[in-house]
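Chemist: Here is what each chain is made of, one letter per residue.
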Amino acid sequence: MINMVELLLPLFVGAPLLLGGLLFVVPRLSPVQPMIAMGSLLAVLGGAVTLLVLTSDGKVLAHQISLWPEGIAIAFVADAFSALILTAAALVAVISFQYMIVSGESRSPSIPALVLVLVGGVAGALLTADLFNLFVFIEVMLLPSYGLLIFLSRRSDMGASRLYVVVNLLASTLFLAGVGLIYAIQGTVNLAALAGAGDDPATAIATAVCLSAIAVKASVFPVHGWLSRTYAAASPAVAALFSGLHTKVAVYVIYRISAVIFEGDSAWMTAILVIASLTLVVGAFAALGEKDMRAILLFQMVSGIGFILVGVALFTPGAVTAGIVYMTHHMIVMGALLLVASAIEHTYGSTRLERVAGLRTREHLVTAAFVIGSLSLVGLPPFSGFVAKYALVLASADADAAIVAGLLIVVSLVVLVAMMKIWAEMFNGKRHPDVEVLAAESRIRTRNGLYDTEQVNQDEVALEAARAIEHIDPPRGIIGVEGDPHEHRGTRVPLPLIYPALILGGISVALGFGGEFLVSLAEQASAGLIDTGDYVKAVLGR
Amino acid sequence: MSLALSIGLLAAAGVFLVLQRGMIRIILGFVLLTHAVNLLIIAAGGIGRRDAPFIGTDTSMAADPLPQAFVLTAIVIAFAITVVLATLAVVGKGDDDTEADSSLELSDPEDSASEKSGDLK
Amino acid sequence: MTLTAILFATLALVGITMVATRVIGRNAGWLAAAVLAGLAYAVGLRIPEILEDSGSGSKTVTETNPWIPSLDISLGLRLDGLSALFLIIVLGVGALVMAYSARYMSERNVHPHTGYFAWMLLFAFAMTGLVLANDLVLLFIFWELTTLCSFFLINRSGDKASAPAVRTLLVTGMGGLALLFAVVMIVVRTGTTVVSEALSHSVWSEDAAFTAGIAVLVALAAMTKSAQFPFHMWLPDAMVAPTPVSAYLHAAAMVKAGIYLMMLFSPALGGTVVWQSILITTGLITALLGAIFAMRNFDLKEIMAYSTVSQLGLIVALIGVGTPTALATAALYTLAHALFKSSLFMVVGIVDRQAGTRDIRLLHGLWRLMPVTFVTTLLAGLSMAGVFPLLGFVSKEYLLGQMLTAGEAAWVGIALTAVAVFASSTTFAYTGRILFGAFSSYRGTNRDPDPENTQRQRKDIREAKPLFVGSAFLPALIGLILGPAIAFLHPIMGAAGSAASGQAYAASFKFFGGFTIEFALSLTIIGLGVLAISQRRRLDTFFEGRILNFTAIDVVEGIRLGLLSLGAKVGNPTRTDSPTQHLATPWFIVGLVAIAAVITIPSFSTPALGGPWTDWLWLGLLVATVLPAVITKSRLVALILVGSAGFVVALWFFALGAIDVGVTQLLVELLTVVALVLILRRLPSVFHPVAKNRQVFTAAIAIGVGVLATAVTLVFTGGRDISAVGQYFLDEAYKDTGGTNVVNTILVDYRALDTFGELTVIAVAGIVLIGILRSRHMLLSRGADDSAYSNSSLARTADNTLPIRVIARWAAPVIILLSFHLFWRGHYEAGGGFIAALVGATGIALAYLGASEDRSAPVRWPYRGLLASGVIVAVLSGVWGYQVGSFLKPVRFDIALPWGGEYGFTSAMVFDLGVYLAVLAIIIAVINELGGVRPSKNQPASQAGPVLVADRYAHFIDKAEAPSDIASESEKGGSL
Amino acid sequence: MSSEMILTVIGSALLIFGAAIILSAAIGVLKLPDVFTQTSAIGTAAGLGVSLMIVGVVVIDFSVLNLIKGIIAIIAQLITSAIGSFVLARASYMTGSKPVSTTVPDELSDQANATN
Amino acid sequence: MSQLRAASPWSLPVRLIGFLGWYLWQFVLTSLQVVALILTPGRQPKPGIVRMSIDGLSDTEVTVLVVLITITPDTLVIAVDRDKDILFVHGMFVDGDSEGFRKSLGQTRDRLLFGVRARPEAERKRGVLA
Amino acid sequence: MIPDIVAAIVIGLLALSVVFAVIRIWKGPTPGNAAAAGDLIFFAFIGLVAVLGLMLSITAVMDVILIAALLGFLSVLSLARLIQGGKR
Ligand code: NA
Ligand code: NA
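Residue numbers (this note's numbering), protein chains in the order written: chain A, 1 to 542; chain B, 1 to 121; chain C, 1 to 976; chain D, 1 to 116; chain E, 1 to 130; chain F, 1 to 88.
Do not rely on the hints blindly, as some may be mistaken.
Each computed PhoX-like pair below joins lysine-lysine, with the alpha-carbon atoms no more than 20 Å apart [as the list claims (entries may be wrong)]:
| # | chain 1 | residue 1 | chain 2 | residue 2 |
| --- | --- | --- | --- | --- |
| 1 | D | K98 | F | K27 |
| 2 | E | K84 | E | K103 |
| 3 | E | K46 | D | K98 |
| 4 | F | K87 | D | K98 |
| 5 | E | K103 | E | K46 |
| 6 | A | K537 | A | K59 |
| 7 | A | K430 | C | K160 |
| 8 | C | K633 | C | K692 |
Reference listing, derived: stretches of chain A covered by chain C, where coverage requires no fewer than 3 residues with Cβ under 8 Å from a Cβ of chain C [claimed, not checked]:
| # | stretch |
| --- | --- |
| 9 | 16-24 |
| 10 | 149-161 |
| 11 | 222-231 |
| 12 | 286-298 |
| 13 | 511-521 |
Think of the hints as simulated: they come from the structure by calculation, not from any bench. In this text, a Cβ means the ideal position worked out from N, Cα and C, and glycines have one as well.
Same shape as in the complex, but just chain A (with noise of 0.2 Å):
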């Protein structure tokens, strides 16, 4: 079994690869396609579930691919984090995949098949030993994303999507700068034979490089700043899909590597805590500035990106541990978070602040799953946000670091204030007059592909809006609001639209309860990533 496994290991990014390609051969519009797209990303998750499973116990799965010798092949591992790491991006992927096919978006011509390839790139980035490899699978995540990313914006501007490719290039030439020169001190860049490298300072600084190139990825401080631009200009669900998968495989790898090649050498590991923490200081900052939903989801993102450093950063087992618990967490509140704002945009037309109000009253799963993640993401119980939160100020006091537990509950509080911002200007006050005008006019744009700067036809609009208030739908309680004439009748979020969302804070929620589960998981993580000798055995065989 475990054979057999390790063997299919590569089709982790073959399978949605052949499976992406083959979505050209059918119709665009037949319904085949989503399904078929769908069915690839349920057997991903199905497969890093099994994953998870076998490497639970601590074993590490590897696979020498084309069965040339240890160290000469590009190896193929799966160990209880890559496992854990993959399994919660497939999920995040097939929730978010489910929500662009209720919202029309998967229909756009070639995303099904974007999403596939992202999700096989995805794969190879977390399984792979190899750190050439690596920077080839980080390609094959980026060229799907800029297709993403621009197909499914509405603005007409190009700006968010050149500085999209354009820092992401930047990153990825540094990585490879940083890849050719561990190559060029150590001979290899086979990770496991990099095992402990970092002892030799020219190595650790080689390291650094390509930690400096990822760290752009992943959005820290002070090279954060391209994430809230350019995710903004996403579709939202394209957001959430690049939340659960982007900056947390950029995350994973500087875990990986940090655990690797540095085993946890406390001066680099210093440098990292040190940025870990004014990245999460500064993004719960910049959120508070933003007026705009998605924004301050973006910027709690930057923000979040700090929290899951400061575990490797301390790089105690139980820093670690608390560290891979926050990332698994924060990639699917992330994700519920950014999807609630998706269905809001979609349906409503925005999620600036002030035109979009009054949400509580008339948007029960809306405000649910939007409290649900909000909650979770401040780190209140009895959500995930809870056990990573205490989890990993917890390990930081444990590890002399009381100075960061502090910081880490301080900042809970700003990104607490920036979600009540959210809170006070959507949720909460009346609907605006001109709530189905805007709908409508959402409705039309989404429903002609316009673009933000378009105009669009007011009799149309007026038309549509009119006939969105007509439809009485019936009343689900006797309670209504004061003075809202249109308590009942007109726009309201699609409930396929919001169970995506639902069903990621649900998890939440059951990762709150059950938080056994996920803690015990990420201490097996977190035992591979501290101790890496069963690593090392598995890819090189010694």
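Since the structure of chain A is provided, determine the placement of chains B, C, D, E and F with the ligands on it from the hints.
Modeler: Same frame as chain A, now just chains B, C, D, E and F with the ligands:
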């Protein structure tokens, strides 16, 4: 030494162009920067051995083939991305200028600074 | 009932009541009240278990259920005197409020959608959990749950509740995080999460600094919750919530959570200077402030709110005093307050409902119309004012006594007592304001001139129904009974005092302690109070808008807005889509790494400076091409020079023995130039200007990077012999693969996965390119001015492209043959799928450039399908590898050739075919798409259906170039 | 002198001669007044210069395969460079790169003037 | 266009080789002329642009002619007009003598046609490669 | 394979050619001048490949030259189109 200087020159020129205005300069900058990195990778294999790595000839002075394989892959990937960048340079509202006013600033500083307490009401 | 059962019963009650509401509407409140009362009774039944037989001290009942053992978090519960007392308050007052709600709330306001009962009962659950928790983390969890419940209870009360709710959450949330920090530090230091173990740990006495730190944190947490100065503002702010919510929050739940926390931690923190000084100081300041604010207000509910602030201040000060008696008194005071304040709040609600207003300037003469309500108010009010013989009297007596004896120095006790007396007098006075304001004919000053804005007509005001007013009357009545029957409370108060003080203590409150100093002070208080009431008109005028004329709301709001604008400032530096800044910052990190290198690398190896003289030539050529390329303002010049630099780099590769790399570099450079030329014609001929100082700045960064790159190359490369891996390939490649071109064997055999990724990148880049151009408006070609020659022979496009077409026709077979040749032998000599495809693609480029017009130019191949098929073929060849054991492992066999002999076939060639297809396809895509021409497939537009990214821009694209392409543009492309 | 040496000497001479012609073309590019005369100068490099160097390589590194490749390469070089020159010259003329004033006659200009 | 001399198809290889030899000589000669022009200090070309007839040439022949004229460094085709059946050719050494230059171009054309046509004297149809 | 002095002379001549061509590219004045000079650089590049191949005994030198000779004009053709603003 001259290889190192070449790498330095290409890197400097690349970085300079990347930091200027307009997509074309950025693209050309990345082209140069990629050259620098590719030469660096070749250099990483050691530049003392310069025979082409073909079996059948004497390989005692053959260059390390692995960096060459890396660079081949990297060149092609860079080309693919250059194509995408080139495309991005000619779509959109203006030309390839990267510093045109974005009409959709998510949050403008003046706005935020003058935020009044009324916004909670 | 086990503690766990009690806890989960309160949780279950949430669901049960939700369901019941659907059936019986607001009457579900009765059900909830009954259950809560029953649970309170069940708790009461277990009280004997916690009482020491001796009558002093307290035993603890514990229960433990595992939860997250990895983090040492358990569902540990405990019941001791303190928690039992609070639990009964929580459940008992909860029952009263639920019963009250069944009449106070309208049907529509308790509908399940509003979440009223759900949040109220969840609140009860949270408080139950909080007082039962024997696990520090669990304690924190329930603590935060109370915060959340209060937030949602306030927030659900309409639009005006939003800001207060948010402020409440921020203030109490901050306290919660302080508690979290405290919990974490305690867990780290004591190594346990069990409350009882942690609080009895020796660290408290051994590490004074630690204890002081925790004292600050816990005090902070408790003060925010219990609305202590300077965190008191949220409580009056939260008055927007419905009255039952206020009643519960003030009497039993939210604010009592803070009191409970302080008492819980007293065994560990009590007696320390920090703890005492914080609690006593803030407690008394709060008591004073609250009392004064209560004097200033005219809204009954707000008076009640400030009253709570004030009363809690006194309790906090008592806890600060910290003697067993003081703690027991605090417990007694808490009970008394719960009774009278719940009663008073409910009365306010009744008055509001029956008379139509809560403003004492509008209310008048209700005592006749609503006698029962008046009596209830009188009983509860006098208890609050500390008047004999009510329970409030006893607690006030003991409070004064404890204040008198507090502190080492006598003046401390006197000072504290003075403050307490003043606060109590004021309490007496505002009790008078309530009673006289609402029930007598007194109407206060500064009335609303609007005659419409007043209480209802006297004929419309009637006494509330018994079931309604009964809920309010009951606690007032209990306050009356428990005063004389104080001895009944001794066991539980003793147990509470023991638990809170950590030492055995037997309570012995006297109903009347004789003519002591305390009694004298009580008389003083009453005297002052009566005086104040008699001067109420003057006092009203005096307080109105003069004393402490600030609202703390502004402070919180100010802090919140300050944070928001700070946030804007933090975000501003990166708030731009311009890449320059985002691309400059990474180099500073690289610079830091370089500095680290200088520091950490002990000695740098001597750089290898050698190399043939020709190396210097390549450098010279690079300088000659690159420098002008950087400086020029012309796009075309820059492109040509960068292309030339690319050729020099190819020479470098040749010189370094990288033949395939050099060839690839050459071809890629050519194609890059072709691709960029296709876009340059849509752009201005010169670059956008850049400010001088920015040029200098970016040049400095660039030079820095250049120096670093040079240094890094010198220091890091050339320090070792050929790598083991590299040597392996040289030694084994032929044996392993049969190939002689080692680089190519790496690409298609050893590291085929890299190549696989590379071809995927190519294919997706093609898809992305096509997708962008199909969905976006491409800039128009600028077109050169050639109007002067419109009738000249020069303008005869078809004629002038004739030679290219003829050449292309001749060259095509040569190019195809060369392409196949390079493909076929790539495994052995220079070549391979990539180079072969590039050569093949030039044929296509030739066909494009030679076409007489754009419409006839395109190579009508389905390049999207070709791109995809490249990937498909590569994966399939990879899967084929499983036949011989692994993904991408080449399968080899000999094919007998018809003319004899055998051809050694390897599936690596199939893989290479995938590369070939993808590369060929992307070049066709580049030429066709960027060249502004597309293959036309007359697919009816109606098949396309609704799409997000429509090809609606077709008619904008290249009007000048392809006027007749409109029809073809509407095809949605995509499928093979 | 061995035949190999003789071939090397001949080949070397060809290489140097070819390179010299390319340099002469480069000088011409600097010296000549307009794009048409410059293109003509480059024609010497593209034709004679490169061809001589290719022949030089074939002579020094002789094999039948190299000879065939060399011939194909020269033919390809001549044809493609000629096509390139022609296309470039036409494009330049059309977009206002006037030939130098000493260009007498300029019948293209006459034609354009006549028809407009 | 002047009528070409008649020749037997069987003599084609001889004629072709003869033409190639002549052309190679012209190619080297004009190359050296241009080099000499460049390398003589102070000397400047005396260029000119003239039209020449390509009446009666097939598309392939036109292409070959364009390529051959352009390969010799002193001459350069700038425009092709199949309507009027003319080429515009730039010459480095026209020196104001447009008729002389046109004549030499005509010679090249005729030599080419004589070298490649099976029956040089026969009229040829226009090509179809438009 | 060839004497160093020969290689030095050839490379020197070709390198100087590149420098002159760059000067012309820089000076223009028209895009056509720059494109033509760019073409010359490519021919010098072919020459450099040839001599480098002989110096380093690169077996595949003729292949490189062949590919370069066959494909090099693509850039000029497209530059010509650029000069015409994309027209044919
Ligand atoms: Na050529
Ligand atoms: Na010529």
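Chemist: Taking a Cβ-to-Cβ distance below 8 Å as contact, does the stretch 511-521 of chain A have at least three residues touching chain C?
Modeler: With 4 residues close enough to chain C, the hint holds.
Chemist: Is the hinted pair F:K87 and D:K98 satisfied, with a Cα-Cα distance of at most 20 Å?
Modeler: Within the cut-off at roughly 19 Å; holds.
Chemist: Would you say the stretch 286-298 of chain A counts as covered by chain C, given the rule of at least 3 residues with C-beta under 8 Å?
Modeler: holds (count 5)
Chemist: For the pair we were handed, E:K103 and E:K46, check the Cα-Cα distance against 20 Å.
Modeler: 17 Å, holds
Chemist: Three or more residues of the stretch 149-161 of chain A near chain C by CB distance under 8 Å?
Modeler: Our answer is that it holds, as 8 residues pass the Cβ test (under 8 Å) against chain C, meeting three.
Chemist: Do at least three Cβ atoms from the stretch 16-24 of chain A come closer than 8 Å to Cβ atoms of chain C?
Modeler: holds (count 7)
Chemist: Straight-line Cα separation of C:K633 and C:K692 no greater than 20 Å?
Modeler: 14 Å, holds
Chemist: Is D:K98 within 20 Å of F:K27, Cα to Cα?
Modeler: 16 Å, holds
Chemist: Please work out if A:K430 and C:K160 have their alpha carbons no farther apart than 20 Å.
Modeler: 10 Å, holds
Chemist: Hey, E:K46 versus D:K98, does the alpha-carbon distance stay inside 20 Å?
Modeler: With a Cα-Cα distance of about 15 Å, the restraint between E:K46 and D:K98 holds, given a limit of 20 Å.
Chemist: Is the coverage entry for the stretch 222-231 of chain A by chain C consistent with the three-residue Cβ rule at 8 Å?
Modeler: holds (count 7)
Chemist: Tell me if the straight-line CA distance from A:K537 to A:K59 falls inside 20 Å.
Modeler: 11 Å, holds
Going down the numbered hints, you'll see the structure goes against none, and every one checks out.
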